[in-house]
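Chemist: Both chains are given apart, each in its own frame, so use the hints to dock them into the complex.
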Amino acid sequence: MALLEIENMHSFYGNIQALRGISLSVEEGEVVTLIGSNGAGKTTTLRSINGVMRPREGKVVFDGEEIQGIPAHRMISRGIAQSPEGRKIFPRMTVLENLEMGAFHRNDRPGIREDMNRVYDLFPRLKERVKQEAGTMSGGEQQMLAIGRALMSRPKLLLLDEPSTRARRAHLRYHQRDQRAGNYHPARRTERQRSPGNCHPRLRTGDRLHSHLSLSR
Amino acid sequence: MEAGEANKTRSGVLIDSIRTSSWQSRIAVVLVAVLLVLLLKQAAQDPGQFLSQLFIGLTNGAILALVALGYTLVYGIIELINFAHGDNFMIGSFVGLTVLSGTFAGLSLFGAITDDSGTFLKIIGVIITLFVAMSVCGLVNVGIERVAYKPLRNSPRLAVLITAIGMSFILQNVGLIWKGPAQVPFPQLISDEKVFGPGSILFRWNDLFVVGVTIPLLIALSYFIQRTKQGKAMRAVAQDKEAASMMGINVNRTISITFLLGGILAGASGVMYGLFNGITVFNVGFTQGLYAFTAAVLGGIGNLTGAVVGGLLIGIIGAMSDQYIGTRWTAIVIFAVLILVLVFRPRGLLGDRSAVQGGGE
Ligand SMILES: Nc1ncnc2c1ncn2[C@@H]1O[C@H](COP(=O)(O)OP(=O)(O)O)[C@@H](O)[C@H]1O
Ligand SMILES: [Mg+2]
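Sequences listed follow chains C and D, in order.
Per my numbering, the first sequence runs over residues 1 to 217.
Per my numbering, the second sequence runs over residues 1 to 361.
Derived from the structure by calculation, the hints contain no laboratory data.
Treat each hint with caution, since some may be false.
As the list claims (entries may be wrong) - Below, simulated BS3-like cross-link-like pairs (lysine-lysine); rule was C-alpha separation at most 30 Å, straight line:
no., chain 1, residue 1, chain 2, residue 2
1, C, Lys156, D, Lys194
2, D, Lys194, C, Lys88
3, C, Lys131, D, Lys150
4, D, Lys229, C, Lys127
5, D, Lys229, C, Lys59
6, C, Lys88, D, Lys179
Claimed, not checked - Calculated from the model, a selection of chain C residues having no Cβ within reach of chain D, i.e. all distances over 10 Å:
no., residue
7, Met1
8, His10
9, Val32
10, Pro84
11, Val130
12, Arg149
13, Glu162
To be verified - Computed beta-carbon distance windows for the label pairs:
no., chain 1, residue 1, chain 2, residue 2, range
14, C, Pro71, D, Lys194, 52 to 58 Å
15, C, Lys127, D, Lys229, 46 to 52 Å
16, C, Gly139, D, Arg328, 55 to 61 Å
17, C, Met1, D, Phe224, 43 to 49 Å
18, C, Gly69, D, Ser22, 52 to 58 Å
19, D, Ser22, C, Gly135, 40 to 46 Å
Note that the Cβ used here is the ideal one computed from N, Cα and C, for glycine as well.
Here chain D stands alone, though its shape is the one from the complex (with noise of 0.2 Å):
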């Protein structure tokens, strides 16, 4: 009876929102819903090409999902867009590389692990570079909030921002010195032979590690915002600092946390680029930053759900595009959704409230 009258309601609201609804939205909802019909007349005709490219999104989309996280997480609790966190997901490119190759600075540590190393050698080296890259970045994060941004953390907003900037390009620059301007390779460690499914379904070795790297770092993600004792310190931060630190909570060093955990992510996030790309280049942080972010502003910025949503989309509509439009077309497409989903959700998907703050996975 109850749940009865509750529907009733909710159609309610749908059929008002539907009649108080302006030309444009009329207009977008149409246009989605034919764009959707020729997607799926495509995936009728080859449901296997449909497939195998859908996966290809999922995979590049769960690799900006990590990255998404770390402007929403910073931004949840500071509102600053941290433009140098593309170029720290850059790093964590290179680390891993270094990782693997076994040789810093000159100095040879270790053989390189390459395409021809043992699996269980390439498993071990995969799982030390993951752990490495991941925690270099954390430290480069709370390094830099350390040094660029918390000592303005009472000027205005459009210091930090510059600042910000300024830390992107100071990145950028050290990767290429580090590395040189022109794509540098990644062994390729994680077979592309396709892990099951029939016919010409591809579903590869290399998209099964993404996502299985990425699932518990969301799952391990969300556990400790909702559920430890630091996580609660992060929402109540973000929410009202003067109050968080009344209850005793150390608001600089709850910062500092968030920045590690953006880090952290970028970290992995990067090591799984080059791994999956096979390549890395100095300004690779640039442009998967810049998708990162549009995928967090996408989901809605300072929502964590929202950030793995934006990116999982954009990574899928990227995939779409590359293969049904012309990849020369895909940063229109996805920048066209972005502003679409903008017009009519100004504050993104899932914008409504900040994930950070309160509820959300």
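Here chain C stands alone, though its shape is the one from the complex (with noise of 0.2 Å):
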């Protein structure tokens, strides 16, 4: 049984459907990438996943339980965090303050402080700027915040979208690395999704790696 197994799933915006059927399944230590061009429902599909959105039909099935129509703040404890569109960080709390609200559901110390050096060892900038403000840093710095803050979970599925190259060069670094310390199986494969109505029928080669699923453990 694969971690994460989405049936014949569709979403809408009030009456505009965004999804129309999306079926995809990911294996534990499987790295996965959506491509499609602007509009084509990456960011539907996540939303749909991590339950910020409640997919009207389908299933999607995670760890052996179904979890559509499950509201989203009860997804990180069962293992799925996200990285979303757009890096929302908390722009006014500090990069320590924002990491912190990624393990906001843990409360084993330890575990969450070391979780912390593995971020900063990933991303050592975010170590120098523990006490900026979030809101202040670069693009490429917000980014990398908003990937730490969702390994701070210690998820099982982690839903990058649109992570920039540098940011997603880094991860991938990640889970080489882990690779070798035998905690993590990786493997690579590529969804293409269909995009789903008239307005965007063409799926263009140069939107590749747009939206990134990808998972660890």
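Modeler: Following this line, the structure appears as structure tokens:
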């Protein structure tokens, strides 16, 4: 059984249908990349997985349980974390506070410390800026923070929406290193996402790696 | 060395800002300076009267500040001006009156606490009254959010705003049915004798009471928002609801807790208003609410420290105007100050950032 199994998922914004029957599966330890042109529904797919949106039809099975319709705030303790599109960090909190928010649902202080050090290893820039207000950092730095914040929950499934090239490279290095340590077994695979409606029919090659659905462990 | 340089740049900034300032702002600064000089002259003539008036201003200001915090907390988290908040304050004073009377819905539960009760009974009575009014107003506020605002969370702003105004009228009419159209007297439980001070300076027991209730509440609120997990959740929700929910924060519950806090403060304020002024009336929430909202805007809406500063300022300006200009002028003076401040600082005195969202005390 795959870690994440999506079957025939339909999602709507009001009356506008954004997803028409997405099916997708992600194995444990696998890195899956969603590719699609602007408006194809990559963000909507991730939002429908992590509970920000409720799919109108279809099934989302994570870790053996159906999770469609469970509210977003319950997802992180199930092991789904996301670095959202547009780097939605908390602009008026410091870097440290943002990372702490990533571990908001956790109470194991030593574990949180440990994960924070791992994030600092991955993004030394964040360590230099712990006290800086997150909104005043550069776009790339905010992207690192958004990914670091998502990692702070020690997720089973990490959803990355449009990570920048630079941050993505760091992220992949993270996987490779952990693989050597024997914790992670990443593999890679690409899912092409067919555009749902008539408005955005083509999938352009220039749009490769726009969105990133990837996982660890 | 470094500090010296910093100072230099700071005074440089000051000079620059004077150089680039508009003629309006220069006139405003001169105007404020002239008023302050006139005020100081009065103060020098009769310092006792001036200080007594200052204490009255501070006390009124503290009562306003607690209500202003409720406007600012809610605005900070869902960007709604909760027009019903002032009327919840009125409900607080009515609940207080009811508890002190010992009679609810025609049922005499215990003997009324009056001017003639013993000191011990008065103290216990006031504490219980505060507690009950704070709880009721907190729950009323949560209820209003659930029933009237939450279903409209994703509707256009205007829909929620008009709903809030409607809620305000509903509460006002509840008050009208409950206690009638006339002013209702509060028992005078706290002495207006002076506590200390030489000569004619009046710092009275009821001033002390208001300050003594307000300061611990402010400290508790500040601790809650800055230090507790729930407080952090509030700040996160204020900054980005979707990201907050991805962090495992229950956004709806966090919004409810924000309304709860605002209601609790309004309840305490309502009881203190009644005890301090000796009366309350069904539409007291309109005037007090308007002043408190003005205080929140003056301080910078969304900013907690700003709400307190704005409340105290309006209290003091009001008291000074009452004494030295005339009570009829007070509303004019207060709103003139508001307009003046907003012309130069459209986001209010401390309004460049929201304290619910970030810094601030
Ligand atoms: N909040 C929204 N309201 C209405 N339609 C939306 C909303 N967000 C996205 N859409 C529509 O849903 C479709 C998919 O969008 P999205 O998932 O953001 O695409 P992608 O992330 O692949 O660029 C688009 O047609 C977009 O216009
Ligand atoms: Mg997108």
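Chemist: The structure should be examined with respect to each hint, and the outcome stated for every one.
Modeler: A quick look at each hint next to the structure:
1. C:Lys156 with D:Lys194: With Cα atoms ~66 Å apart, C:Lys156 and D:Lys194 exceed 30 Å; violated.
2. D:Lys194 with C:Lys88: At roughly 55 Å apart (the allowed maximum being 30 Å), C:Lys88 and D:Lys194 break the hint.
3. C:Lys131 with D:Lys150: violated (35 Å)
4. D:Lys229 with C:Lys127: holds (23 Å)
5. D:Lys229 with C:Lys59: violated (34 Å)
6. C:Lys88 with D:Lys179: Since the Cα atoms of C:Lys88 and D:Lys179 sit roughly 50 Å apart, the hinted pair is violated (cutoff 30 Å).
7. Met1: holds (25 Å)
8. His10: holds (20 Å)
9. Val32: About 19 Å separates C:Val32 from the closest Cβ of chain D, which puts it past 10 Å; holds.
10. Pro84: Non-interface label on C:Pro84 violated, nearest chain D Cβ at 6 Å vs cutoff 10 Å.
11. Val130: The assertion about C:Val130 holds, with a minimum of 16 Å to chain D.
12. Arg149: About 8 Å separates C:Arg149 from the closest Cβ of chain D, which leaves it inside 10 Å; violated.
13. Glu162: Answer for C:Glu162: holds, closest chain D Cβ roughly 15 Å.
14. C:Pro71 with D:Lys194: 52 to 58 Å: Holds - the Cβ-Cβ distance for C:Pro71 and D:Lys194, about 57 Å, lies within 52 to 58 Å.
15. C:Lys127 with D:Lys229: 46 to 52 Å: violated (24 Å)
16. C:Gly139 with D:Arg328: 55 to 61 Å: holds (57 Å)
17. C:Met1 with D:Phe224: 43 to 49 Å: Holds - the Cβ-Cβ distance for C:Met1 and D:Phe224, about 44 Å, lies within 43 to 49 Å.
18. C:Gly69 with D:Ser22: 52 to 58 Å: With a Cβ separation near 56 Å, C:Gly69 and D:Ser22 satisfy 52 to 58 Å, so the hint holds.
19. D:Ser22 with C:Gly135: 40 to 46 Å: violated (29 Å)
When each numbered hint is compared with the structure, violations occur for hints 1, 2, 3, 5, 6, 10, 12, 15, 19.
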